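Colleague: Okay, here's what each chain looks like letter by letter:
Protein chains: 2
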Amino acid sequence: MQFDSLDDIRSFCRDLPEGDARAASAAAERQAKLTKPPGSLGRLEELAAWMGRWQGSAIPRIERAAITVFAGNHGVVVRGVSAYPQEVTVQMVQNFASGGAAINQLARLANADLRVVPIDLERPTHDFTVQPAMSTDEFLTAVNVGCATVRPDDDLLAVGEMGIGNTTAASALCAALLGGGAAAWVGRGTGVDDAGLARKRAAVDAALSRHGAVLKDPLQVGAALGGRELAAIAGAMLAARRYGIPTLLDGFVATAAVLPLTGINRAILDHCRAAHVSAEAGHRRVLGDLGLRPLLDLDMRLGEASGAATALLLLRAAVACHAGMATFSEAGVSDANE
Amino acid sequence: MQFDSLDDIRSFCRDLPEGDARAASAAAERQAKLTKPPGSLGRLEELAAWMGRWQGSAIPRIERAAITVFAGNHGVVVRGVSAYPQEVTVQMVQNFASGGAAINQLARLANADLRVVPIDLERPTHDFTVQPAMSTDEFLTAVNVGCATVRPDDDLLAVGEMGIGNTTAASALCAALLGGGAAAWVGRGTGVDDAGLARKRAAVDAALSRHGAVLKDPLQVGAALGGRELAAIAGAMLAARRYGIPTLLDGFVATAAVLPLTGINRAILDHCRAAHVSAEAGHRRVLGDLGLRPLLDLDMRLGEASGAATALLLLRAAVACHAGMATFSEAGVSDANE
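Chains A and B supply the protein sequences, listed in that same order. Numbers in the working numbering are just positions in the first sequence, counted from 1, shifted up by 92. Numbers in the working numbering are just positions in the second sequence, counted from 1, shifted up by 92.
In short, the hints are calculated from the structure, not lab data. Accuracy of the hints is not assured; some may be wrong.
You can't tell identical chains apart in this list, so a pair holds if it fits in one copy or across any two.
[As the list claims (entries may be wrong)] Subject to a maximum C-alpha distance of 25 Å in a straight line, what follows is the list of computed SDA-like cross-link-like pairs (lysine to any residue):
{"#": "1", "residue 1": "Lys308", "residue 2": "Ala150"}
{"#": "2", "residue 1": "Lys308", "residue 2": "Arg200"}
{"#": "3", "residue 1": "Lys125", "residue 2": "Gln178"}
{"#": "4", "residue 1": "Lys125", "residue 2": "Arg200"}
{"#": "5", "residue 1": "Lys125", "residue 2": "Glu230"}
{"#": "6", "residue 1": "Lys125", "residue 2": "Arg376"}
{"#": "7", "residue 1": "Lys308", "residue 2": "Arg358"}
{"#": "8", "residue 1": "Lys125", "residue 2": "Asp212"}
{"#": "9", "residue 1": "Lys308", "residue 2": "Ala415"}
{"#": "10", "residue 1": "Lys125", "residue 2": "Arg280"}
{"#": "11", "residue 1": "Lys308", "residue 2": "Arg135"}
{"#": "12", "residue 1": "Lys308", "residue 2": "Gly424"}
{"#": "13", "residue 1": "Lys125", "residue 2": "Arg156"}
{"#": "14", "residue 1": "Lys125", "residue 2": "Arg243"}
{"#": "15", "residue 1": "Lys308", "residue 2": "Leu201"}
{"#": "16", "residue 1": "Lys308", "residue 2": "Gly131"}
{"#": "17", "residue 1": "Lys125", "residue 2": "Leu384"}
{"#": "18", "residue 1": "Lys125", "residue 2": "Gln183"}
{"#": "19", "residue 1": "Lys308", "residue 2": "Glu179"}
{"#": "20", "residue 1": "Lys308", "residue 2": "Ser227"}
Please read all numbers here as calculations on a predicted model, not as lab measurements.
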């Protein structure tokens, strides 16, 4: 799957695949027959029906789960917005390759295929306080990088990111596309001190002033204020929709990354669930604005798809119960009111 | 481990093993060196240190996890307090044995040893609206049944229950030991209608009136208003404390089951975590009263340790990251402020 222009993306978003409503209904009907009081597995039941809808099956499966971590570098780090130097992005990509990061442990536990996709790390985006982070061509290229990582036979996708400075980009996207100003969205990211926090806020404010002219078009905003790994997350999400793959969004940055798409059509979220709500200040707010209820609330704020990988365990629980439980009649258990 | 009298239980609760503070500190120190911003794994970090404390190891493990489901029957069901007939308790025990219940699927997913322990199902407790549910001897026997299910080399314990009518017993325990009256604690359990809900409230009110004389002693309250499976949960929790086994409490009933112990010494909860907060009305309230923050909030209300088994997956995530991640120096990643 590939997009040739921003208009191509807009067209796709305006006429989205809707999933298989009959499969979702069949999954819900199956839930009602399983040996438990109706609804007593709570969100695990809803998750089973949701996965059924997008996989087009009354009994969804997780046999080829993918966790994809996109990495990018950000020109805005020259503004002193991160507690870590930019070289940590490439160092962490190396750590992913050698198996030492949190996501390596979590992907193994979740029995998922971990795909690490560094995008032009040696070529950071421009400092968006002085010019657009990316040209529209660069943005489109990164979207297509994301699309290309998704395989049509993946049956579950979890997306996350790594990129020193990218909570600043995420905050800028939120402020531009959801309003509220920098103060509402900028948090401590990996752990900046008060002075760093002030620099982040100033950088986002400067970006909002400078790029006011493009702020009406969500995709242009994605190019001007986002980052390559954020654009790739949007691309992966589009491809997952195309192929009918239920998708877990990781944390604040991954959620902000989809705003250029939800700015076109909120229904792009229908095949997605918010894996968790992180400790990063803006995340709870953006989830609320998007109407997404997170699956986990564990004060995590690491990124690199760690929250999504952890939530994938819950999807496995949902699928295991849905597929494996006996019905009342199979088990010879008396149903209520019978 | 066995208790010869209620006084034996009281003595144990007043002089509890405290766990290994040095192991907990060593675990926290290890967390600080792993390749992530400090604290960025949130509660997963705290869980690793907590497990380290009780296992007495800087690197806790989950190699012999046990999920124990105690089952009991309740005389109070003659008051029409459940949506299901009493025979469902034994039918569900058979369903556990044949592998068709939710907990079978979840225990397999969590790679845990599932132990199903029916206790005198053919001999329900007495209807506590007219006499104590159990004699103190019967209560003590059930506590010891629970103790005996815990093996000294278990390294993680998840406890839950099955018993038609037992949310009524749990509500009665909460009302007697935490105050607030029946209305504050009685919910719909497996799904009673409004008339059933009124009957549950009336049953709890009647029990509170009848047993006022014993309501000052928490263990006597456990005998008068509890159930065999609740007493066994308390016993398993005591044995887990004795052997240094971190313990996950399941839902409303499992949490109410520990109130006879917390009434003696709140510190009995130190080796426990609340797996989840259920949709059953009183659960959030009792967790708040006990100062327990649940790990999951998924609207589950099935019991049978299903919430605890799901939360066990999170403990596996915590342990996997703690044990498997590289340190900054091992990975050659630049630490903050260096």
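Colleague: Taking 25 Å as the upper bound on the Cα-Cα distance, should Lys125 and Arg280 be classified as within, between, both, or neither?
Modeller: between (47 Å within a copy, 20 Å between copies)
Colleague: Pop the pair Lys125 and Arg156 into one bin, within, between, both or neither, using alpha-carbon distances up to 25 Å.
Modeller: neither (27 Å within a copy, 33 Å between copies)
Colleague: Please sort Lys308 with Ser227 into within, between, both or neither, judging by C-alpha distance up to 25 Å.
Modeller: within (16 Å within a copy, 73 Å between copies)
Colleague: My question is about Lys308 and Arg358: at a cut-off of 25 Å on alpha-carbon distance, are they close within one copy, between copies, both, or neither?
Modeller: Close inside one copy (16 Å), not across copies (57 Å); limit 25 Å.
Colleague: Please work out whether the CA atoms of Lys125 and Gln178 approach to 25 Å or closer within one copy, between two copies, in both situations, or in neither?
Modeller: between (54 Å within a copy, 19 Å between copies)
Colleague: Regarding Lys125 and Arg200, is the shortest C-alpha distance of 25 Å or less found within a copy, between copies, in both, or in neither?
Modeller: Between copies, since 21 Å is at most 25 Å while 33 Å is not.
Colleague: At 25 Å max between alpha carbons, let me know whether Lys125 reaches Glu230 within a copy, between copies, both or neither.
Modeller: Neither: 51 Å inside a chain and 37 Å across chains, both beyond 25 Å.
Colleague: Given a CA cutoff of 25 Å, do Lys308 and Glu179 count as a within-copy pair, a between-copy pair, both, or neither?
Modeller: neither (34 Å within a copy, 64 Å between copies)
Colleague: Given a CA cutoff of 25 Å, do Lys125 and Asp212 count as a within-copy pair, a between-copy pair, both, or neither?
Modeller: neither (51 Å within a copy, 29 Å between copies)
Colleague: Have a look at Lys308 and Gly424 and pick one of within, between, both or neither, based on CA distance no larger than 25 Å.
Modeller: Neither: 61 Å inside a chain and 43 Å across chains, both beyond 25 Å.
Colleague: How do Lys308 and Leu201 come out at 25 Å by Cα distance, when the copy is not named: within, between, both, or neither?
Modeller: Close neither inside one copy (43 Å) nor across copies (47 Å); limit 25 Å.
Colleague: State whether the alpha carbon distance between Lys308 and Ala415 is at most 25 Å within one copy, between copies, both, or neither.
Modeller: Result: close neither inside a copy nor across copies, 46 Å intra and 48 Å inter.
Violated hints, in rising order: 1, 2, 5, 6, 8, 9, 11, 12, 13, 14, 15, 16, 17 and 19; the structure is consistent with all others.
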